[in-house]
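Based on the provided sequences and hints, a complete structural model is requested.
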Amino acid sequence: ELKEEFTRILTANNPHAPQNIVRYSFKKRAYKPVSYVDQMAIHFTLNGNMIPKDSDEGRRQSIKLITAAEKDPVETSAVTSEEAEIKDEESTGDTQAAGEEEAEESGKAEVAEAAEGEESPPPRVKEQKLANQFNFIERASRTLNNPTRERACQSEPTPCADFSATVNQWETYDAYVEELQKVEKSKEKEKTKAQVAKREEEKKKKGRKFTSLESQIDDIKKISKAVKIMERMVNQNIFDDIAQDFKYFEDASDEYRDQKGTLLPLWNFQYHKARGRAVTAISWNPKYKDLFAVGYGSYDFMKQCQGMLVLYTMKNPSFPEYVFSTESGIMCLDFHNDHPYLVAVGFYDGNVAIYNLKKATSQPSYKSNAMSGKHTEPVWQVKWQKDDMDNNLNFFSVSSDGRIVSWTLVKNELVHTDVIKLPAQGTTMQGPEGLQLQTLGCGTAFDFHKKIDYLFLVGTEEGKIYKCSKRYSSQFLDVFEAHHMAVDTVSWNPYHLKVFISCSSDWTVKIWDHTIKTPMFIFDLSSAVGDVAWSPYSSTVFAAVTTDGKAHVYDLSINKYEALCTQLVAKKKSKATHIQFNPVYPVVVVGDEQGHIISLKLSPNLRKMPKEKKGQEVKKGPEVEIAKLDKLLNLVRDPESKA
1 ELKEEFTRIL TANNPHAPQN IVRYSFKKRA YKPVSYVDQM AIHFTLNGNM IPKDSDEGRR
61 QSIKLITAAE KDPVETSAVT SEEAEIKDEE STGDTQAAGE EEAEESGKAE VAEAAEGEES
121 PPPRVKEQKL ANQFNFIERA SRTLNNPTRE RACQSEPTPC ADFSATVNQW ETYDAYVEEL
181 QKVEKSKEKE KTKAQVAKRE EEKKKKGRKF TSLESQIDDI KKISKAVKIM ERMVNQNIFD
241 DIAQDFKYFE DASDEYRDQK GTLLPLWNFQ YHKARGRAVT AISWNPKYKD LFAVGYGSYD
301 FMKQCQGMLV LYTMKNPSFP EYVFSTESGI MCLDFHNDHP YLVAVGFYDG NVAIYNLKKA
361 TSQPSYKSNA MSGKHTEPVW QVKWQKDDMD NNLNFFSVSS DGRIVSWTLV KNELVHTDVI
421 KLPAQGTTMQ GPEGLQLQTL GCGTAFDFHK KIDYLFLVGT EEGKIYKCSK RYSSQFLDVF
481 EAHHMAVDTV SWNPYHLKVF ISCSSDWTVK IWDHTIKTPM FIFDLSSAVG DVAWSPYSST
541 VFAAVTTDGK AHVYDLSINK YEALCTQLVA KKKSKATHIQ FNPVYPVVVV GDEQGHIISL
601 KLSPNLRKMP KEKKGQEVKK GPEVEIAKLD KLLNLVRDPE SKA
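Under UniProt numbering, the first residue of the sequence shown carries the number 1, and numbering increases by one thereafter.
I should point out that these hints are in silico values taken from the structure, not numbers from a laboratory.
Some clues are possibly wrong.
Straight-line Cα separation of at most 25 Å, DSS-like style, residue types lysine-lysine; simulated pairs [unchecked claim]:
no., residue 1, residue 2
1, K204, K273
2, K315, K273
3, K575, K303
As structure tokens, this is what we get:
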């Protein structure tokens with residue numbers, strides 16, 4: 001244990017220096033420990049007033065002493081001699097070593113002086129002591145006081161007058177009333193000034209807005225075509241799977257469904273500003289097969305709203321191509337066959353209008369008014385007809401006021417002509433003072449014959465269907481007791497000249513021969529039928545939609561009793577209102593009362609064409625379709641002939 005060594009290391013570190021100092025780092029936004037700590041410990045400090053000669057201040061003071069010696073050399077030499085004597089006396093008490101050093105120094109100086117020769121040595125300049133800056137001398141001085149002066153002025157006395165009057169309550173009241181009137185007038189003047197200023201500011205702002213909007217519109221027009229192309233390209237990439245289904249998908253499972261079919265959902269069309277409005281009309285463009293128009297309004301007559309005319313294309317399902325806002329709800333519309341840019345529209349307030357898609361305006365090119373014979377009730381359907389004798393465009397409209405009106409476009413106005421008036425069930429009613437008043441029926445739908453120009457059908461709210469002619473305005477060609485409730489749609493078959501179809505809210509769809517008073521086929525769909533439409537590719541295929549949101553597709557050549565497809569197409573708690581076949585593609589579009597539109601592709605079983613037989617060519621065209629439907633009608637008229 002005695003031989004064991006204990007080592008101690010002495011360091012220069014300060015044992016009292018803190019080792020845990022932290023500083024805030026603005027770069028890293030956090031407190032960081034300081035790695036370097038000052039270890040120096042100071043035990044004694046003394047601040048001196050010695051100035052080195054080599055420093056700036058030392059040189060400055062030496063220069064001052066030299067200048068003072070040059071000014072008064074006698075005084076400086078006397079002072080220096082006295083100071084030398086005092087120093088000699090003091091130096092006698094020093095050690096011998098100091099004396100020897102001084103002797104050596106003086107000897108060296110003498111040798112240097114002898115070496116310099118005969119030149120006289122310059123006078124030795126003694127450093128002058130600085131004056132004490134803290135010695136002050138009190139001095140006093142007195143300033144002269146300015147002599148005082150007095151100044152006064154006197155004004156003329158104000159004129160005075162004596163006034164006396166008696167004051168009572170009504171005089172004070174009148175004075176207050178006058179004062180209040182003055183205050184109100186001043187406030188009105190200020191208000192008028194403020195209003196005028198506001199109007200001027202608003203005019204200026206509007207002018208600025210219009211100029212900015214015009215410039216923006218001009219800029220948008222320049223790039224609108226390129227932007228549309230880009231938008232369609234983006235949408236084709238987004239909806240590529242739907243586009244592939246639309247063009248190539250064929251449901252192979254139809255072979256195992258026993259001639260039943262399905263509807264494949266494709267694109268959904270919806271405009272956010274039309275959300276909540278019912279789809280009241282759908283019409284395909286006759287030239288551009290991917291473009292269709294949709295009318296928005298309301299079938300709830302207690303809650304009417306503004307309408308919209310919107311045109312969609314299957315190439316861009318995300319946003320419509322054209323949008324037109326209307327003051328009243330749209331109830332019907334129709335494209336012109338020869339001029340596909342003209343759209344005839346019927347409104348809830350009884351007006352009709354024509355929109356020109358070529359014009360860059362949101363207002364209709366033609367519109368009826370009270371002076372030009374507008375309807376007094378909602379317009380339920382409009383149809384373009386052939387031009388008149390003067391080559392003027394014209395179309396027909398039917399309304400709840402019982403009038404079928406022909407509208408002709410003459411220059412810049414619409415000229416109306418009442419074609420026929422529908423009678424009510426009672427025809428006449430008892431008026432005041434025994435007058436007999438004729439009541440009109442309520443027209444809800446109509447359709448013109450595809451081949452016979454003057455022949456058309458009109459459906460009414462009473463459930464009747466009238467066969468009418470343009471040549472006779474006072475009487476009907478025939479009357480069909482068709483339905484028990486309002487007729488929603490009447491449509492001629494596109495192939496057969498005698499056959500038409502009708503649907504009603506009494507849950508039924510009926511197929512008629514206009515030469516026979518009774519229906520040829522009756523289909524009960526178990527719900528109110530909103531719309532029915534013939535297919536453009538077959539004389540025996542038609543589709544209908546009901547208020548429970550279902551679509552029904554029939555093919556009479558395959559099954560005369562049941563639908564080949566019954567499918568829910570509308571969203572929950574939403575009524576399907578309209579359905580239309582595309583004129584070229586195997587697609588139908590369905591609209592509901594919430595403003596949604598869905599496109600559906602028909603499966604192969606729902607669009608069967610005539611089969612090829614061995615050794616025979618397949619005949620196609622309207623003659624084949626007419627013969628096919630004629631065969632069915634003959635079977636219905638004479639069931640025994642089937643055997």
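We went through each hint and held it up to the structure:
no.: 1; hint: K204 to K273; in the structure: violated (30 Å)
no.: 2; hint: K315 to K273; in the structure: holds (21 Å)
no.: 3; hint: K575 to K303; in the structure: holds (17 Å)
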